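S.K.: The residues making up each chain are set out below.
Protein chains: 2
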Amino acid sequence: MYILILAGGAGTRLWPLSRQLSPKQLLPITGGETLVQKTVKRVLPITSIENIFFATNHAYGEMIKEQVAELLPRSIIAEPSGKNTAPCIGLAAMQMNQLDPDAVMVSLHSDHFIADEEGFRQSILAAAEVAKQGYLVTLGITPDKAETGYGYIQRGESVGTYNKHDAYQVSQFLEKPNLETAQKFVASGDYYWNSGMFIWQISTLLEAFKEHMPDFYTQLEQMDEAIKAGRPIDPIWEQIRPESIDVGILEQVSKVAVIPVDFGWNDVGSWTAIYEINQQDEQDNVVLNAEHFNLDSHGVLIQGNNRLIATIGLEDVVIVDTDDGLLICKKDRSQDTKKIVEWLKANNRQELL
Amino acid sequence: MYILILAGGAGTRLWPLSRQLSPKQLLPITGGETLVQKTVKRVLPITSIENIFFATNHAYGEMIKEQVAELLPRSIIAEPSGKNTAPCIGLAAMQMNQLDPDAVMVSLHSDHFIADEEGFRQSILAAAEVAKQGYLVTLGITPDKAETGYGYIQRGESVGTYNKHDAYQVSQFLEKPNLETAQKFVASGDYYWNSGMFIWQISTLLEAFKEHMPDFYTQLEQMDEAIKAGRPIDPIWEQIRPESIDVGILEQVSKVAVIPVDFGWNDVGSWTAIYEINQQDEQDNVVLNAEHFNLDSHGVLIQGNNRLIATIGLEDVVIVDTDDGLLICKKDRSQDTKKIVEWLKANNRQELL
Numbered sequence: 003m004y005i006l007i008l009a010g011g012a013g014t015r016l017w018p019l020s021r022q023l024s025p026k027q028l029l030p031i032t033g034g035e036t037l038v039q040k041t042v043k044r045v046l047p048i049t050s051i052e053n054i055f056f057a058t059n060h061a062y063g064e065m066i067k068e069q070v071a072e073l074l075p076r077s078i079i080a081e082p083s084g085k086n087t088a089p090c091i092g093l094a095a096m097q098m099n100q101l102d103p104d105a106v107m108v109s110l111h112s113d114h115f116i117a118d119e120e121g122f123r124q125s126i127l128a129a130a131e132v133a134k135q136g137y138l139v140t141l142g143i144t145p146d147k148a149e150t151g152y153g154y155i156q157r158g159e160s161v162g163t164y165n166k167h168d169a170y171q172v173s174q175f176l177e178k179p180n181l182e183t184a185q186k187f188v189a190s191g192d193y194y195w196n197s198g199m200f201i202w203q204i205s206t207l208l209e210a211f212k213e214h215m216p217d218f219y220t221q222l223e224q225m226d227e228a229i230k231a232g233r234p235i236d237p238i239w240e241q242i243r244p245e246s247i248d249v250g251i252l253e254q255v256s257k258v259a260v261i262p263v264d265f266g267w268n269d270v271g272s273w274t275a276i277y278e279i280n281q282q283d284e285q286d287n288v289v290l291n292a293e294h295f296n297l298d299s300h301g302v303l304i305q306g307n308n309r310l311i312a313t314i315g316l317e318d319v320v321i322v323d324t325d326d327g328l329l330i331c332k333k334d335r336s337q338d339t340k341k342i343v344e345w346l347k348a349n350n351r352q353e354l355l
Numbered sequence: 003m004y005i006l007i008l009a010g011g012a013g014t015r016l017w018p019l020s021r022q023l024s025p026k027q028l029l030p031i032t033g034g035e036t037l038v039q040k041t042v043k044r045v046l047p048i049t050s051i052e053n054i055f056f057a058t059n060h061a062y063g064e065m066i067k068e069q070v071a072e073l074l075p076r077s078i079i080a081e082p083s084g085k086n087t088a089p090c091i092g093l094a095a096m097q098m099n100q101l102d103p104d105a106v107m108v109s110l111h112s113d114h115f116i117a118d119e120e121g122f123r124q125s126i127l128a129a130a131e132v133a134k135q136g137y138l139v140t141l142g143i144t145p146d147k148a149e150t151g152y153g154y155i156q157r158g159e160s161v162g163t164y165n166k167h168d169a170y171q172v173s174q175f176l177e178k179p180n181l182e183t184a185q186k187f188v189a190s191g192d193y194y195w196n197s198g199m200f201i202w203q204i205s206t207l208l209e210a211f212k213e214h215m216p217d218f219y220t221q222l223e224q225m226d227e228a229i230k231a232g233r234p235i236d237p238i239w240e241q242i243r244p245e246s247i248d249v250g251i252l253e254q255v256s257k258v259a260v261i262p263v264d265f266g267w268n269d270v271g272s273w274t275a276i277y278e279i280n281q282q283d284e285q286d287n288v289v290l291n292a293e294h295f296n297l298d299s300h301g302v303l304i305q306g307n308n309r310l311i312a313t314i315g316l317e318d319v320v321i322v323d324t325d326d327g328l329l330i331c332k333k334d335r336s337q338d339t340k341k342i343v344e345w346l347k348a349n350n351r352q353e354l355l
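Sequence order for the protein chains is A and B.
Once you know that position 342 of the first sequence is 344 in the working numbering, the rest is easy, because the numbers rise by one and skip nothing.
Once you know that position 300 of the second sequence is 302 in the working numbering, the rest is easy, because the numbers rise by one and skip nothing.
These are computed hints drawn from the structure, not numbers from a lab.
None of the values given here were measured: they were computed from a predicted structure.
Each hint should be verified, as a subset may be incorrect.
Because identical chains cannot be distinguished in the list, a pair is counted as satisfied if it fits within a single copy or across any two copies.
Below, simulated SDA-like cross-link-like pairs (lysine to any residue); rule was C-alpha separation at most 20 Å, straight line [said to hold, decoys possible]:
no., residue 1, residue 2
1, Lys341, His294
2, Lys43, Glu253
3, Lys333, Gln97
4, Lys85, Gly301
5, Lys43, Asp283
6, Lys333, Gly315
7, Lys257, Ser160
8, Lys67, Asp102
9, Lys134, Lys166
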C-alpha cells in the first residue's frame, strides 16, 4: 500500500498564522507535532515510511524533508506549479506504478485532523479491499450538521461489507449546496461529505486516466520518459490543463464506491475548526500558546504569540496574534479571513502573505 | 497666577498602554504631544512657564522635565509618596506662598482633554476674579449624559457674573450617584460634574487648611522649615494622613463657588473616552497607530502598535496592542481594565505593570 499525501495548499483561511512560506500543514496548529507529521504518524501502523509520498511544491518539499527525516528522497514529488489534484495524483501514480503496479494507492490531504485514528486506519483497510474489486473508493464523512462548505456524495446500491464497513456504489457527486439543500441531504441519511480521501488500485486509476483524461495520460507517459532519461518534466507540466481528480475522474467513472465513516474528521479549514477540535475551558474558551486573563468572555479562540492577552466581555471571537499581524474576528465570520489574504495579494503586501 | 498640575496618577484604566513607568499623562495618547505637554500649552497664554508647577513623584518628575524642557527646577514638587490631593496641593501652595501670597493658584490635572481651549482659559480667568472675592472656586462641567463615574456639584444662589461667566455658591458636593440619581441630576439642570479643576487665592486656601485640617497645616509649616533648612521633608510627609482636597477642604468650607463650563472636557479616564475624543471613520471606528483592514466592524477603537490589525464583524470592541500585552475588551466594559491591573499586582507581575 502506497500513501500519497497532498501538501501543496497555502491555508489562507488560517491567516495570519498560516503564511505562504509556512502554511498550516507545516505548523503545529493542533498542538504538538505539525499536521504533516501527524498525518504520517497516523498511517505508519498500516504501511512503512518508504511507501509514503508527498505531492507538493519545491519549497514545501524541503520543509517536509526536515519535518519527516526518515522519508526517502524519491518520496517528495515536487509539482513545478499548482495544477489542482488530478495532475499531481497522476504523476504520483505513475511513479508508484514503477514500484508495484498491483499495489493499492491511498490519496490523503496533509492538513486534516482525525480524532479516532484507529477508526481511520480500519476504514482505509476496508477501502483497500473494495479497491481490489476494481473500484475507485472514497471515504464519505457522515455529516453532523448541514455544512454548506463541502461537496456531498449520494450513496446508491450496496456493494457489500468489507472489514466491518459497508460500501456503496456512488450515485452522484454534488457541489457545495445551499443551506436548504444541505439540510435535506443531512435529513435523508443518504449523503456524505466528500473528504477528498481516495483509495484505488494504481492500475485502476491509470486506466481511468487513459479513458477519461486521454490528453493528460499522454502527458503522463511523456513525463515518465523524461524522468527515466533524467530530463526535467517542467516543459510538459506547463502544458497540462488544471483539473481536480473529482471532476476529471471520479465523476466520469461508473465503478466508484463510497464507504461511510465517522472517525471525528475535521478539515482544519478555518479558525472555527481549530476552536472545535480543541478542548474548551469552563468558559468555553480555547487558549493556545498564550497567557489569558479573562473577565466574562465566552466562546473565544485565542491563538497566541507568547504575550499576555486580556479579554473582557467578548462572545464568540477569534484572536490570532503573530509578530506582524493581528486578526480579531467574529467566530462565525472566520471563513472571511481569505478575503484578507486576497486584499494583501491585490496590494502586493508580500511581507504579510 | 500660579498653575499647579497634578501628575502623580498611574492611569491603570488605560492598561496595557499606560504603565507604572509610562503613565497616560506622559504618553501622546490623544495624538501629537503628550497630555502633560498639552496641559502646559493650554495654560501658557494666560501665565508664563516659570509660574507652572507639577506635583508628582520622583520618577515622573524626571520625565516631565524631559517633556517640558523650559520648566524651572523649582517647578517639580516631588511627593515622597502618594497621599491623595490635599497634601500635594498644600505643599505646592506653601511654596507658591513664598513667591507671592496674594497670587491666584489654579490646580489642574495633567491628564484631561479639552476641546475648546480658549473657552477653558476664559473660564479660568473668570474663576480667578471670583477667587479674588475670597471664594474657593471649582469649574463644574455641564453634564451631557447621566454619568455615574463622576462626583456631582449642586449649585445654589448666584454670586454674580465674572468675565461673562455666571458663578454660583456651591450647595453641596455629591459622591458618584447611581444611574437613577444621575438621571435626576442631569434633568434638573442644577448639577455639574466635579472636574477637579480648582481656583483660589493662596491665602484663602492656606487659611482653610489652618481651620479645617489643622494637623496637616502644622505639618505644612514643618515641611516649610525643613525645605528652608535644606532638610528632606520625607520624615514629616510619611506622617501625613492621606486626604482629598474635596473632602478635606471644599466640603468643609462655606465660601465655595462653582462656575458652570462647557468646553468639551474629557477626563481620558478609559478607552471609551479615547474613542469619544477622536475622529471616527465612516464605519464609526477609531484607529490610532495601526494599519487596519476591516470587514463589517463598527464602533471599534484600535490603539495599535505599528502592526496590521484585521477585524471582521466586530461591534463596539476596544483593541489595544503593545509589545508585551494585548487587550481586547467590549467597549462598555472598558472601566474593568483596572481589574486586570489589580490582578497583575496581586500576582506580582511587575513586568506588565
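S.K.: Need the list of violated hint numbers for this structure, in ascending order.
M.R.: When the structure is compared with the hints, numbers 2, 3, 4, 5 and 8 turn out to be violated.
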